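Student: Please put together the full structure from these sequences, using the hints given.
2 protein chains.
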Amino acid sequence: MRIALVQFDASVGDIKGNTAKIQRLCGKAFELGADVVVFPEMAVCGYPPEDLLLKKQFLNDNRLAVEQLAGCSFETTIVVGFAETDGEQCFNSAAVLKKGEIKKIYRKTLLPNYGVFDEQRYFKPGNEPVVVEIKGIKVILTICEDIWQLEWLDELLKDYSNNDIILNISASPFHTGKIKQRQLILKRCAKHFNCAIAYCNLVGGQDELVFDGRSMFVDSSGRVLCQAKAFEEDLLLANISIDPSKKVRVEAVNPSDSSPSTPWDVEAEVYNALLLGTRDYIRKNGFSKVIVGLSGGIDSSLTAAIAVDALGAGNVVGVTMPSKFNSSETIGDAKKLADNLGIEFHTIPIGAVLDTFDKSLGDVRGWTKDGTAFENLQARIRGCILMSLSNQFSNMVLTTGNKSETAVGYSTLYGDTAGGFAVLKDVPKTMVYELAEYVNKKHQLEVIPVSVMERQPTAELKENQKDTDTLPEYDVLDEILKGYIEQEKSLSQIMNEGTPENVAKQVISMVDRNEYKRRQSPPGIKITPKAFGRDRRMPVTNHYTS
Amino acid sequence: MRIALVQFDASVGDIKGNTAKIQRLCGKAFELGADVVVFPEMAVCGYPPEDLLLKKQFLNDNRLAVEQLAGCSFETTIVVGFAETDGEQCFNSAAVLKKGEIKKIYRKTLLPNYGVFDEQRYFKPGNEPVVVEIKGIKVILTICEDIWQLEWLDELLKDYSNNDIILNISASPFHTGKIKQRQLILKRCAKHFNCAIAYCNLVGGQDELVFDGRSMFVDSSGRVLCQAKAFEEDLLLANISIDPSKKVRVEAVNPSDSSPSTPWDVEAEVYNALLLGTRDYIRKNGFSKVIVGLSGGIDSSLTAAIAVDALGAGNVVGVTMPSKFNSSETIGDAKKLADNLGIEFHTIPIGAVLDTFDKSLGDVRGWTKDGTAFENLQARIRGCILMSLSNQFSNMVLTTGNKSETAVGYSTLYGDTAGGFAVLKDVPKTMVYELAEYVNKKHQLEVIPVSVMERQPTAELKENQKDTDTLPEYDVLDEILKGYIEQEKSLSQIMNEGTPENVAKQVISMVDRNEYKRRQSPPGIKITPKAFGRDRRMPVTNHYTS
Numbered sequence: 001m002r003i004a005l006v007q008f009d010a011s012v013g014d015i016k017g018n019t020a021k022i023q024r025l026c027g028k029a030f031e032l033g034a035d036v037v038v039f040p041e042m043a044v045c046g047y048p049p050e051d052l053l054l055k056k057q058f059l060n061d062n063r064l065a066v067e068q069l070a071g072c073s074f075e076t077t078i079v080v081g082f083a084e085t086d087g088e089q090c091f092n093s094a095a096v097l098k099k100g101e102i103k104k105i106y107r108k109t110l111l112p113n114y115g116v117f118d119e120q121r122y123f124k125p126g127n128e129p130v131v132v133e134i135k136g137i138k139v140i141l142t143i144c145e146d147i148w149q150l151e152w153l154d155e156l157l158k159d160y161s162n163n164d165i166i167l168n169i170s171a172s173p174f175h176t177g178k179i180k181q182r183q184l185i186l187k188r189c190a191k192h193f194n195c196a197i198a199y200c201n202l203v204g205g206q207d208e209l210v211f212d213g214r215s216m217f218v219d220s221s222g223r224v225l226c227q228a229k230a231f232e233e234d235l236l237l238a239n240i241s242i243d244p245s246k247k248v249r250v251e252a253v254n255p256s257d258s259s260p261s262t263p264w265d266v267e268a269e270v271y272n273a274l275l276l277g278t279r280d281y282i283r284k285n286g287f288s289k290v291i292v293g294l295s296g297g298i299d300s301s302l303t304a305a306i307a308v309d310a311l312g313a314g315n316v317v318g319v320t321m322p323s324k325f326n327s328s329e330t331i332g333d334a335k336k337l338a339d340n341l342g343i344e345f346h347t348i349p350i351g352a353v354l355d356t357f358d359k360s361l362g363d364v365r366g367w368t369k370d371g372t373a374f375e376n377l378q379a380r381i382r383g384c385i386l387m388s389l390s391n392q393f394s395n396m397v398l399t400t401g402n403k404s405e406t407a408v409g410y411s412t413l414y415g416d417t418a419g420g421f422a423v424l425k426d427v428p429k430t431m432v433y434e435l436a437e438y439v440n441k442k443h444q445l446e447v448i449p450v451s452v453m454e455r456q457p458t459a460e461l462k463e464n465q466k467d468t469d470t471l472p473e474y475d476v477l478d479e480i481l482k483g484y485i486e487q488e489k490s491l492s493q494i495m496n497e498g499t500p501e502n503v504a505k506q507v508i509s510m511v512d513r514n515e516y517k518r519r520q521s522p523p524g525i526k527i528t529p530k531a532f533g534r535d536r537r538m539p540v541t542n543h544y545t546s
Numbered sequence: 001m002r003i004a005l006v007q008f009d010a011s012v013g014d015i016k017g018n019t020a021k022i023q024r025l026c027g028k029a030f031e032l033g034a035d036v037v038v039f040p041e042m043a044v045c046g047y048p049p050e051d052l053l054l055k056k057q058f059l060n061d062n063r064l065a066v067e068q069l070a071g072c073s074f075e076t077t078i079v080v081g082f083a084e085t086d087g088e089q090c091f092n093s094a095a096v097l098k099k100g101e102i103k104k105i106y107r108k109t110l111l112p113n114y115g116v117f118d119e120q121r122y123f124k125p126g127n128e129p130v131v132v133e134i135k136g137i138k139v140i141l142t143i144c145e146d147i148w149q150l151e152w153l154d155e156l157l158k159d160y161s162n163n164d165i166i167l168n169i170s171a172s173p174f175h176t177g178k179i180k181q182r183q184l185i186l187k188r189c190a191k192h193f194n195c196a197i198a199y200c201n202l203v204g205g206q207d208e209l210v211f212d213g214r215s216m217f218v219d220s221s222g223r224v225l226c227q228a229k230a231f232e233e234d235l236l237l238a239n240i241s242i243d244p245s246k247k248v249r250v251e252a253v254n255p256s257d258s259s260p261s262t263p264w265d266v267e268a269e270v271y272n273a274l275l276l277g278t279r280d281y282i283r284k285n286g287f288s289k290v291i292v293g294l295s296g297g298i299d300s301s302l303t304a305a306i307a308v309d310a311l312g313a314g315n316v317v318g319v320t321m322p323s324k325f326n327s328s329e330t331i332g333d334a335k336k337l338a339d340n341l342g343i344e345f346h347t348i349p350i351g352a353v354l355d356t357f358d359k360s361l362g363d364v365r366g367w368t369k370d371g372t373a374f375e376n377l378q379a380r381i382r383g384c385i386l387m388s389l390s391n392q393f394s395n396m397v398l399t400t401g402n403k404s405e406t407a408v409g410y411s412t413l414y415g416d417t418a419g420g421f422a423v424l425k426d427v428p429k430t431m432v433y434e435l436a437e438y439v440n441k442k443h444q445l446e447v448i449p450v451s452v453m454e455r456q457p458t459a460e461l462k463e464n465q466k467d468t469d470t471l472p473e474y475d476v477l478d479e480i481l482k483g484y485i486e487q488e489k490s491l492s493q494i495m496n497e498g499t500p501e502n503v504a505k506q507v508i509s510m511v512d513r514n515e516y517k518r519r520q521s522p523p524g525i526k527i528t529p530k531a532f533g534r535d536r537r538m539p540v541t542n543h544y545t546s
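First to last, the sequence lines map onto chains C and G. The first sequence lines up with residues 1 to 546 when you count with the working numbering. The second sequence lines up with residues 1 to 546 when you count with the working numbering.
In case anyone wonders, no lab produced these hints; they're calculated from the structure.
Repeated chains share a single entry, so a pair holds when one copy, or any two copies, can fit it.
Below are the DSSO-like pairs computed for lysine-lysine, each with C-alpha atoms no more than 27 Å apart in a straight line: (1) Lys124 <-> Lys56; (2) Lys289 <-> Lys369; (3) Lys530 <-> Lys517; (4) Lys462 <-> Lys359; (5) Lys359 <-> Lys369; (6) Lys124 <-> Lys158; (7) Lys55 <-> Lys505; (8) Lys324 <-> Lys359; (9) Lys21 <-> Lys55; (10) Lys21 <-> Lys103; (11) Lys229 <-> Lys178; (12) Lys178 <-> Lys482; (13) Lys16 <-> Lys505; (14) Lys482 <-> Lys517; (15) Lys505 <-> Lys466; (16) Lys56 <-> Lys505; (17) Lys138 <-> Lys104; (18) Lys56 <-> Lys482.
Computed from a prediction, not measured in an experiment: that's the story for all the values here.
Tutor: This is the structure we're talking about:
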């Protein structure tokens with residue numbers, strides 16, 4: 001029996017488009033001799049469809065799409081994920097299609113409701129295993145989370161021993177380290193049930209999430225036999241057979257399939273996640289071009305470099321908006337970067353507008369040039385310029401703030417946070433440096449000027465300003481942030497690990513009291529185990545101090 | 001037995017402050033001769049604490065607070081809601097305290113995970129009923145949602161017949177019509193179990209939610225015997241006894257308690273919800289003053305009037321920022337409103353800044369004054385001015401957009417949407433007019449000039465602009481929006497009810513494609529059955545059309 005795992009980039013809500021794509025990909029799999037063609041979780045409607053699932057019409061449209069796909073199944077079995085309703089309740093289901101009919105439907109039973117997931121908001125759990133026999137091989141259906149808890153799966157399968165292969169369709173989002181976790185889960189599961197696993201994962205960007213694909217076949221010893229591409233659409237084929245000793249055998253059809261034995265390094269993984277996340281957000285939202293404010297600093301340089309890689313140099317516009325507080329070095333570096341990237345570049349000084357604002361505001365007693373208000377105003381003028389160009393030329397503004405800044409609120413709301421998508425929102429500053437080096441290494445060229453990487457970080461909103469005037473050094477800061485945000489450590493735990501009390505308290509308090517800024521910030525790509533956004537839901541009004 | 005229901009305004013995360021307040025209120029209830037003093041769901045930590053519940057230290061602090069409260073219980077029974085952990089899992093619990101000890105703990109079993117609620121993200125359900133006998137009266141404990149499904153409660157209580165009174169502690173947020181729904185639920189429950197109900201609800205504003213209090217006692221026939229105040233802290237007392245025929249009797253201790261027989265009209269209810277929601281958001285976030293941009297239109301006029309009622313005239317600053325597109329009438333009305341309200345008022349014309357921006361942007365080929373970009377720029381300049389004053393004087397900017405505008409994206413991101421709190425975010429435009437009339441009626445004075453109410457709505461961002469240039473009349477629009485957003489109607493349903501196809505399609509498409517603006521808008525107060533924000537979670541990237 002030949003199985004094709006088809007990881008494709010489904011668009012949320014685009015049921016017609018996804019269905020047409022699934023049909024096309026089925027045709028390709030048929031040509032390759034597949035007996036079973038498998039598509040990811042919620043392939044029909046994209047994942048996560050969120051509150052679209054509360055619309056009856058949406059669920060009806062899902063059903064119609066599955067019926068249409070059944071019409072293309074003939075002798076080949078198609079397994080496809082969709083949102084199912086029984087008229088009252090909604091299920092996260094996999095349909096088994098053959099000979100023009102919906103033969104069986106499996107309903108996901110373990111519904112994740114943590115982190116970015118809200119599945120219990122929408123779905124009722126199923127409670128019936130579904131086993132199909134294809135060419136004498138017993139295939140058991142599961143969806144994503146179902147195979148993450150063995151005890152539970154044991155219970156579900158207690159009346160179904162001696163299965164040959166577990167088929168799992170997933171929409172498992174990327175974060176660093178996730179692939180190892182997944183492989184471990186699959187290995188454990190394969191060994192426990194002594195059967196092979198065919199794992200088909202979604203690929204593509206959807207708002208804050210990137211699905212990384214990397215579908216795979218695992219044999220009954222837990223070995224990953226072959227793995228599909230990361231961050232790209234792909235089709236992975238394997239032959240499944242039963243050997244004379246009744247043991248299931250899995251053979252990769254293309255031994256050249258990207259080997260799981262050479263794991264990517266973190267920078268390459270994150271960089272490619274950012275590329276795909278950015279490309280899909282821009283294109284799926286109907287844009288082709290983006291604008292980036294270039295300060296000559298490392299965040300905007302990296303953001304522009306990613307945008308060029310994701311969309312092409314012709315689709316990226318750089319704008320530098322100097323004031324008297326910007327050094328000739330940073331202004332020069334912005335220009336140099338734009339030249340290196342080969343992008344359209346504009347210089348729009350903000351001095352005249354700043355002076356006019358200052359004069360108008362000067363009529364209000366108490367207005368002053370010496371303070372945060374005047375600093376923020378500069379950032380907001382830049383936000384206005386970028387948004388004006390965005391509105392005029394229908395380009396999306398990419399914001400450039402990293403996770404460290406976003407965490408402590410080292411940003412101006414409606415200033416540098418103004419834009420449609422925050423590429424580096426979940427990338428800590430220390431990793432920004434690593435990615436910048438990765439970019440230059442990848443291009444074997446100084447795309448991002450070394451001077452940008454070597455300069456002390458500065459917002460340049462007043463004379464001789466440095467980030468470290470108000471923040472700890474970034475390596476110290478990022479360590480605290482990782483503990484507090486990703487690991488939910490308390491103040492005393494962070495202090496016990498060596499951070500001085502005043503520093504720890506200052507950082508935690510900044511994180512807590514800047515929730516309001518994050519609430520109004522654009523979405524960005526999750527790359528760590530805990531990102532801001534749907535992943536971390538903190539009240540704005542919050543008096544808790546640990 | 002005398003029960004005191006203490007509805008108080010708990011601050012999320014302020015465990016120390018809430019605990020001190022609970023102690024003080026216990027003292028008051030003791031003086032009034034209460035045998036049982038009852039506090040709302042999650043009284044110790046505020047509701048909803050969201051991801052604070054993922055912090056171990058937070059759960060430990062909850063426990064310590066409950067132990068501290070136990071120390072104040074003496075002969076009186078205290079029932080208080082808190083976030084409980086057994087070391088691994090978390091529960092939404094009610095502690096029964098007496099003689100210095102935690103006597104019993106009831107764990108909520110029905111965990112809402114729809115609308116604004118995410119309880120299954122945090123809590124495991126309990127499965128044990130808790131019955132306490134106080135002065136010979138059998139009291140059964142429940143928490144909020146537990147009494148909303150009778151079938152389920154039947155099952156839980158199957159071994160516990162002949163109870164006298166059900167005690168329910170709640171954190172039930174307000175929306176129009178909710179109080180009727182609640183009374184119906186309590187009536188049904190009382191009759192079904194043939195017992196009295198003591199219902200203690202939270203009061204206060206927390207981010208998007210307002211808890212309206214209105215705790216009540218219901219007798220076994222389902223009659224609401226007495227009800228605590230709406231939108232205010234209050235303490236409601238009743239005596240519970242068993243008559244000779246073994247029937248439970250409830251007597252209000254103060255028959256003067258606000259009677260449930262005179263229901264509020266919708267305008268009064270919504271107005272008071274907006275007052276409390278605004279006051280609590282501002283104060284709990286450490287602000288005392290607010291700034292409002294006054295356009296001379298009805299939304300900003302109503303917002304300013306609410307702010308004055310919530311915070312006092314001395315704490316509200318009005319700023320009008322005219323351009324050449326503003327009529328002398330609207331400029332005059334802004335001034336008149338400020339005079340009527342007695343608030344500080346500034347006029348900051350935007351013409352000079354607009355010209356300077358235009359000149360700077362003019363260097364980019366293709367920039368033009370005739371188009372949306374130039375209109376949006378005006379709104380963004382106003383946003384910059386308000387935010388500059390906010391930063392300079394530590395006042396919070398209140399935004400003025402209503403639900404109709406928010407729904408269709410008739411607003412400028414970082415322009416009129418710039419600010420900390422959106423008072424009218426969930427108030428449809430048609431209701432804005434009703435509330436404006438309510439304000440004048442309430443004050444028996446033309447606080448909001450009649451000319452403001454009678455003028456055709458206009459954004460005044462270009463010559464002779466009217467909202468109806470791009471939108472249907474607001475009564476038509478609001479009807480479509482209610483169907484599409486609150487009732488999840490499809491395009492064809494809306495058309496079947498009489499809306500022309502082109503209008504229905506246009507409105508739905510505007511709602512769908514403006515999710516990105518709402519994602520970056522400030523929080524506002526939920527007053528309808530479905531608000532934007534946590535209540536309606538739509539993907540930004542979304543290709544679905546019904």
